[in-house]
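4 protein chains.
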Amino acid sequence: MIATNLRESQLAEFEMYESNVRYYCRDMPAVLARASNARIWDEEGYEYIDFFSACGSLNYGHNHPLMKRRVIEYLMTDGMLNSLDLHTTAKRDFLRTFREHILAPRGLVYRVQFTGPTGTNAVEAALKLARKVTRRRTVVAFTNAFHGMTLGALAATARQRNAGIEQNGIVRLPFEGYFCADTRDLDRYEAMVNDPSGGAEPPAAFIVETIQGEGGLNSASPEWLRHLAGVAHRLGALLIVDDVQAGCGRTGDFFSFEQSGIVPDLVCLAKSISGNGLPMALLLIKPEWDQWSPGEHNGTFRGNNLAFLAASVAAQLWNDPDFIGSINQSDLIVRAWIDNAVREFGATAKGRGLFSGVSFSDRSLARQVAGEAFQRKLLIETSGSYGEVLKVMPPLTIEPELLSEGLRRLSDAVEVSLSRSRLRTAA
Amino acid sequence: MIATNLRESQLAEFEMYESNVRYYCRDMPAVLARASNARIWDEEGYEYIDFFSACGSLNYGHNHPLMKRRVIEYLMTDGMLNSLDLHTTAKRDFLRTFREHILAPRGLVYRVQFTGPTGTNAVEAALKLARKVTRRRTVVAFTNAFHGMTLGALAATARQRNAGIEQNGIVRLPFEGYFCADTRDLDRYEAMVNDPSGGAEPPAAFIVETIQGEGGLNSASPEWLRHLAGVAHRLGALLIVDDVQAGCGRTGDFFSFEQSGIVPDLVCLAKSISGNGLPMALLLIKPEWDQWSPGEHNGTFRGNNLAFLAASVAAQLWNDPDFIGSINQSDLIVRAWIDNAVREFGATAKGRGLFSGVSFSDRSLARQVAGEAFQRKLLIETSGSYGEVLKVMPPLTIEPELLSEGLRRLSDAVEVSLSRSRLRTAA
Amino acid sequence: MIATNLRESQLAEFEMYESNVRYYCRDMPAVLARASNARIWDEEGYEYIDFFSACGSLNYGHNHPLMKRRVIEYLMTDGMLNSLDLHTTAKRDFLRTFREHILAPRGLVYRVQFTGPTGTNAVEAALKLARKVTRRRTVVAFTNAFHGMTLGALAATARQRNAGIEQNGIVRLPFEGYFCADTRDLDRYEAMVNDPSGGAEPPAAFIVETIQGEGGLNSASPEWLRHLAGVAHRLGALLIVDDVQAGCGRTGDFFSFEQSGIVPDLVCLAKSISGNGLPMALLLIKPEWDQWSPGEHNGTFRGNNLAFLAASVAAQLWNDPDFIGSINQSDLIVRAWIDNAVREFGATAKGRGLFSGVSFSDRSLARQVAGEAFQRKLLIETSGSYGEVLKVMPPLTIEPELLSEGLRRLSDAVEVSLSRSRLRTAA
Amino acid sequence: MIATNLRESQLAEFEMYESNVRYYCRDMPAVLARASNARIWDEEGYEYIDFFSACGSLNYGHNHPLMKRRVIEYLMTDGMLNSLDLHTTAKRDFLRTFREHILAPRGLVYRVQFTGPTGTNAVEAALKLARKVTRRRTVVAFTNAFHGMTLGALAATARQRNAGIEQNGIVRLPFEGYFCADTRDLDRYEAMVNDPSGGAEPPAAFIVETIQGEGGLNSASPEWLRHLAGVAHRLGALLIVDDVQAGCGRTGDFFSFEQSGIVPDLVCLAKSISGNGLPMALLLIKPEWDQWSPGEHNGTFRGNNLAFLAASVAAQLWNDPDFIGSINQSDLIVRAWIDNAVREFGATAKGRGLFSGVSFSDRSLARQVAGEAFQRKLLIETSGSYGEVLKVMPPLTIEPELLSEGLRRLSDAVEVSLSRSRLRTAA
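Respectively, the protein sequence lines represent chains Y, W, X and Z.
Going from the first sequence to the numbering used here is simple: count from 1 and add 275.
Going from the second sequence to the numbering used here is simple: count from 1 and add 275.
Going from the third sequence to the numbering used here is simple: count from 1 and add 275.
Going from the fourth sequence to the numbering used here is simple: count from 1 and add 275.
Do not take every clue at face value.
Claimed, not checked - Example chain X residues on the side facing chain Z (calculated, C-beta under 7 Å, incomplete): (1) PHE289; (2) GLU290; (3) LEU307; (4) SER332; (5) GLU399; (6) LYS403; (7) ASN579; (8) ILE608; (9) THR672.
The set of hints was computed from the structure by calculation and includes no laboratory data.
The beta-carbon is built from N, C-alpha and C at its ideal position, and this holds for glycine as well.
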């Protein structure tokens with residue numbers, strides 16, 4: 276009772292002075308203070324295990340010690356903080372490191388555009404550039420897609436939301452597996468575009484998440500992705516992979532599309548690209564499409580040097596065997612838990628790598644589980660059209676014991692929710 | 276010669292690996308390393324005076340010591356960095372401080388929406404909310420307006436740029452003084468909306484910059500602003516002030532609209548709101564318009580706690596007499612220089628407060644002056660339809676001697692450019 | 276009483292089986308049977324004087340004897356009726372006659388496009404062609420404009436109506452005199468288009484009615500029209516005159532723009548072009564803009580040969596001195612009545628030539644007058660934002676005595692309405 | 276040679292003075308003068324057999340004697356010609372006759388809207404009304420659809436044409452059989468609309484031709500149509516059948532959808548509705564959707580009384596056993612020819628009833644055949660994405676001998692074209 280009142284008074288200021296638009300804090304009503312790797316402490320000192328990773332923006336954990344040290348040193352020496360698109364030493368370090376540790380080893384050649392530091396801004400840049408380069412207007416986006424909330428990106432987002440104005444220039448196709456859709460649906464669209472009476476304008480681009488993070492952890496097969504790349508190529512359209520959530524290691528590889536072998540024309544990165552959660556977003560552009568005029572897509576906060584520093588550290592981790600090892604270990608542990616959940620709880624496995632989760636036949640269960648988990652000091656979120664998918668998304672760097680402890684709490688939460696659900700059904 | 280080669284090799288990496296979209300760095304080809312208040316050093320150790328303030332995002336100067344200390348302490352104790360829209364202690368501090376030091380003393384009551392950390396995102400949120408609340412579609416924006424580069428904000432931006440897709444839902448009216456436009460033009464629009472055959476839909480909102488930063492430092496009079504507020508009110512439309520560049524003290528007051536006495540329904544803030552250049556943006560909402568559904572406009576980087584810390588420090592400065600005094604002193608010095616420029620150089624004064632500048636009858640002169648200034652280690656930018664306006668925009672906190680030194684360099688640059696211009700004309 | 280019941284039963288079928296969209300018949304509840312020049316008889320044998328001319332589509336009166344004879348002869352010999360855009364003898368006759376009797380004497384050189392037989396279709400063709408030729412999108416249309424009800428033309432129409440979908444691509448400017456607008460408003464728009472930050476895309480076209488028939492008989496001065504033509508020319512935009520209602524002799528000249536001396540790039544004609552009310556519409560195109568691909572704007576009823584026959588007769592009338600004489604006489608009589616109405620009734624004169632009318636300070640009066648006129652067996656309609664303008668629009672060929680008789684009935688109707696209005700005001 | 280020169284001079288005037296947009300006359304370069312049932316004579320006296328029927332607008336043949344007589348009598352007695360939407364005796368006759376002879380016997384109850392007299396105008400009215408009634412924006416239209424050329428209808432038309440402006444508010448689905456599409460594609464769309472993340476807004480309407488006249492005589496099965504009607508109903512969307520070309524008897528039934536048993540919410544009629552080719556168009560509206568405000572969709576030529584007269588005659592024919600018998604006989608003869616064409620020429624049968632045709636594996640063949648047919652004084656047109664379908668579309672009332680003669684000429688034309696094609700392939 277006292278705790279509740281205390282909490283209420285702590286939360287009152289947010290309710291009175293912050294906009295009603297706030298969302299996650301309603302399901303996780305704590306006032307957070309400190310965090311380290313996969314542990315978070317609220318202002319009362321309670322410790323939480325983080326299976327949320329700030330929605331995938333903290334794949335390397337909270338306050339990674341190398342990043343923290345680098346950022347503090349920089350601040351101590353009065354390093355440039357915001358630099359727009361001016362040249363800075365920190366930006367050059369990032370460009371070098373990203374090329375050397377991420378792009379080159381994967382045989383990728385991309386120009387880097389520093390967009391405004393939000394994923395939606397990188398998507399806006401991608402759509403604008405694809406339309407400019409092709410002189411076409413239509414962009415194909417998929418069912419359950421999430422690409423952001425500014426008007427251009429919002430049009431590509433599948434979830435029905437109020438934009439206040441019509442959203443044009445998007446053709447919606449079913450993602451792989453949506454109501455049994457497969458490569459044949461891509462072929463039919465290709466036929467429509469090629470047919471003068473097909474009623475489909477030639478598209479500027481296809482924008483796709485290889486795994487739909489917000490859309491319910493729907494994962495495209497390598498075959499479907501390669502088929503999509505072929506259709507895009509034949510139609511003279513650009514292939515944009517929105518790797519904002521699935522990229523930066525979330526699937527185990529740095530880019531989510533590595534296993535499929537496709538090479539997108541444009542790649543959107545944000546969330547974990549800075550490594551420590553500082554705002555940063557990139558658009559990777561195949562050199563032949565880098566047809567921007569100077570200043571054609573600008574913005575004030577494109578030069579967040581603290582983020583560049585942390586991002587350089589993060590890029591280097593991909594050559595660190597310990598880091599790779601810890602990802603693999605985490606992957607095994609999560610995989611085992613999910614297999615068990617399928618067997619024990621009748622769950623359906625969703626996603627891939629450390630971008631995984633489960634859904635239940637009772638669509639409302641996942642949200643109940645997340646609520647129960649919060650009671651057990653485990654932060655976890657849901658996704659999907661009905662919030663029916665539980666996203667198991669700890670930092671890639673989580674300690675094995677902590678991961679196992681989190682999964683134990685999660686199993687508890689599932690069991691409690693399931694038995695309540697059964698009681699309700701029986702009643 | 277050697278210096279040039281050195282510089283070229285330093286810049287080569289940016290040219291090869293960064294997108295062609297980069298802009299400011301072309302006019303200011305240095306690799307910046309460190310900065311303090313109004314001084315910047317490049318990696319070769321050259322010192323520059325900053326009359327640019329990262330496009331208005333560093334009104335409090337680079338690495339303000341109080342902000343720097345606060346940020347480092349927070350990092351040392353593993354404070355939460357990114358927290359989405361979860362509650363944190365740093366956010367609560369900001370909400371309190373902003374209310375206490377900024378809103379309350381000005382008699383303003385606003386809810387705070389933390390949008391994605393870019394000005395354009397705050398504008399997108401404002402447009403979306405205004406359209407939702409009024410159930411209308413059209414937004415009035417003005418000649419020379421700049422509101423951002425994502426699709427919704429871009430439509431409101433006046434400069435013709437490639438969006439790749441049609442931009443709808445905007446009616447363009449002339450800003451005060453544009454081709455002699457005055458309040459009568461607002462009245463005529465009001466009449467058109469009220470006339471069933473006027474051919475103008477009732478608008479959702481008017482969005483205005485009280486001083487058009489990118490558009491050439493055109494400054495609206497208090498009378499025109501009050502007239503505009505009246506028209507908006509009578510038409511049932513929301514008045515949005517985009518104070519991204521003109522706000523946060525740039526005009527001498529915290530909000531640019533304070534002198535006019537209007538109280539906008541929505542206010543967009545970004546750039547200098549965090550105080551030290553870290554990405555942050557806000558939408559201030561009159562409580563009656565805070566009709567967002569939870570999660571209706573979301574984004575990952577809305578919880579940049581380092582920015583919140585610095586923003587709290589910045590807000591407190593507005594009760595510090597030394598800070599206020601330094602603004603006033605800077606204002607006097609700049610004012611004197613501009614008056615002199617009008618007399619000596621035949622320039623036209625533009626803007627207001629420390630958001631001032633000059634234009635010349637020769638439209639190309641301002642850009643030449645900026646180039647000459649860079650040679651003299653003074654960073655300054657231009658704005659306006661033809662880059663014809665020189666923006667004198669040092670940090671508000673610049674030391675008087677440094678300000679005077681910068682203005683001396685600027686006078687030199689003007690003189691050299693003018694005499695060259697006269698030579699060309701004579702030839 | 277009996278008459279009323281009879282009438283009700285006569286009208287019942289229309290009310291039950293015809294759509295609710297019907298409009299004029301509500302104010303003129305008779306079942307019409309026969310008509311000759313300016314006389315109409317309903318099925319009960321009552322005779323009406325026609326000051327309506329089927330909304331300007333019967334400028335040459337009902338069943339003009341020459342047209343009637345020509346049409347019957349053609350039918351008797353099994354002439355082709357519908358011929359799409361195939362060649363027919365009737366079409367060739369029209370092309371020749373129109374050129375010889377209308378275009379050539381006025382020094383005009385236009386290609387003729389036979390559009391679908393509605394004014395709105397001619398407007399759609401004009402907009403489509405202007406956009407194709409200029410590769411631009413925006414069209415300028417004016418306050419109080421009426422251009423039709425299909426989606427493209429509806430967007431240009433000023434009156435707010437439900438289109439069911441957003442209407443884009445139109446910029447609305449004030450017509451001459453609208454809230455004191457004058458050539459300066461055109462100049463300001465020109466400046467905005469020429470200014471890279473003016474926020475106005477270069478327009479494809481300006482579409483204008485020289486007299487706004489539906490919009491309240493607002494008449495543009497020759498000076499304003501010439502100014503408009505100059506602005507359009509300088510901006511590389513086409514000037515479209517929508518002469519659907521004002522053309523075909525309504526103003527006294529065949530084209531409404533003849534007095535101004537402008538030569539539009541495109542001219543839309545419909546309503547009275549066929550002469551006897553059969554559906555027909557044309558787009559006149561300056562040869563250099565006739566850049567249609569074959570079949571690019573098609574439609575089934577473009578080959579209404581009965582209409583072509585009557586249209587040939589109508590064109591020939593313009594070289595008949597008796598016809599010209601009767602127009603002039605009618606004009607004098609109407610002019611005298613209007614002058615008197617201004618003096619006696621305090622009315623305001625509107626329009627020009629036989630496209631004239633009056634408005635009253637009491638906005639609701641004109642509709643009452645029209646109702647009273649119907650009681651007196653005079654058909655007359657109103658226009659304007661509030662139906663506040665009474666349109667005196669008899670056939671050009673009306674006999675002088677009948678015209679005078681109609682005007683007497685109209686004076687009666689005005690007097691009765693005015694005295695009722697005064698009584699109400701006094702009460 | 277002489278004939279050619281003569282012809283050239285006869286055509287020269289059209290080429291000089293008519294717009295380049297003319298289309299059919301290029302493939303049928305004759306100047307037509309007279310016509311009776313299925314015979315047409317050009318001005319030189321040559322006789323043609325008509326397998327074209329003015330694109331389906333003369334299903335009852337040219338100058339049907341009953342219609343001709345009725346029209347002439349009306350003209351002789353000075354009947355009202357154009358009456359806008361005023362009541363006339365001719366309109367009431369039509370409303371009665373259409374109800375009694377067409378609607379009632381089929382158990383249909385519709386309100387009749389007289390739209391502007393073009394098919395595209397009826398479609399515009401349908402789309403506007405569906406959007407108004409449902410307060411939704413999106414309309415589903417199909418591959419290969421043709422609905423007209425004004426902006427609203429053009430958006431629903433599948434063939435890529437220049438509209439000069441973006442065309443929004445349409446979702447394109449595959450018609451039955453398009454790239455193997457079937458009812459499953461309708462189901463998938465239904466699922467997308469019902470799924471909050473499906474990315475498909477609830478539609479206002481589905482608009483469909485049961486047989487796609489311009490799109491290549493693709494014929495939907497009754498099962499697919501019923502499935503479509505079910506999907507529309509469940510989604511709360513209106514079902515619009517565009518029966519402009521397929522209706523008015525072309526398939527053997529008055530409405531093309533009679534066999535399927537569906538009852539559309541809205542039906543668009545034009546082309547043969549007047550019976551003798553005079554411009555007329557209707558929108559049939561289920562009474563519950565007749566939610567128009569008075570005057571909400573207007574136009575001048577909605578009251579074409581000559582057309583109403585002929586249309587009444589046409590409606591009565593549907594109770595005339597001779598007329599029905601002649602349709603059936605024609606149907607048998609055409610069926611036999613098509614069966615033979617499939618066997619002998621390797622053609623593919625297309626369409627249904629007297630709305631039939633053939634396509635060939637060589638896509639260019641049909642146009643060659645049409646050219647050869649014209650040489651043999653047979654008028655016939657092609658349709659489909661590539662003009663690959665030959666449309667055998669004589670008047671329903673064609674005399675059996677003339678039909679057979681026409682088919683003989685057609686066989687000749689096919690044979691000649693086929694052997695030329697084989698020669699080319701061999702070469």
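So which of those numbered hints doesn't the model satisfy? 2, 8, 9
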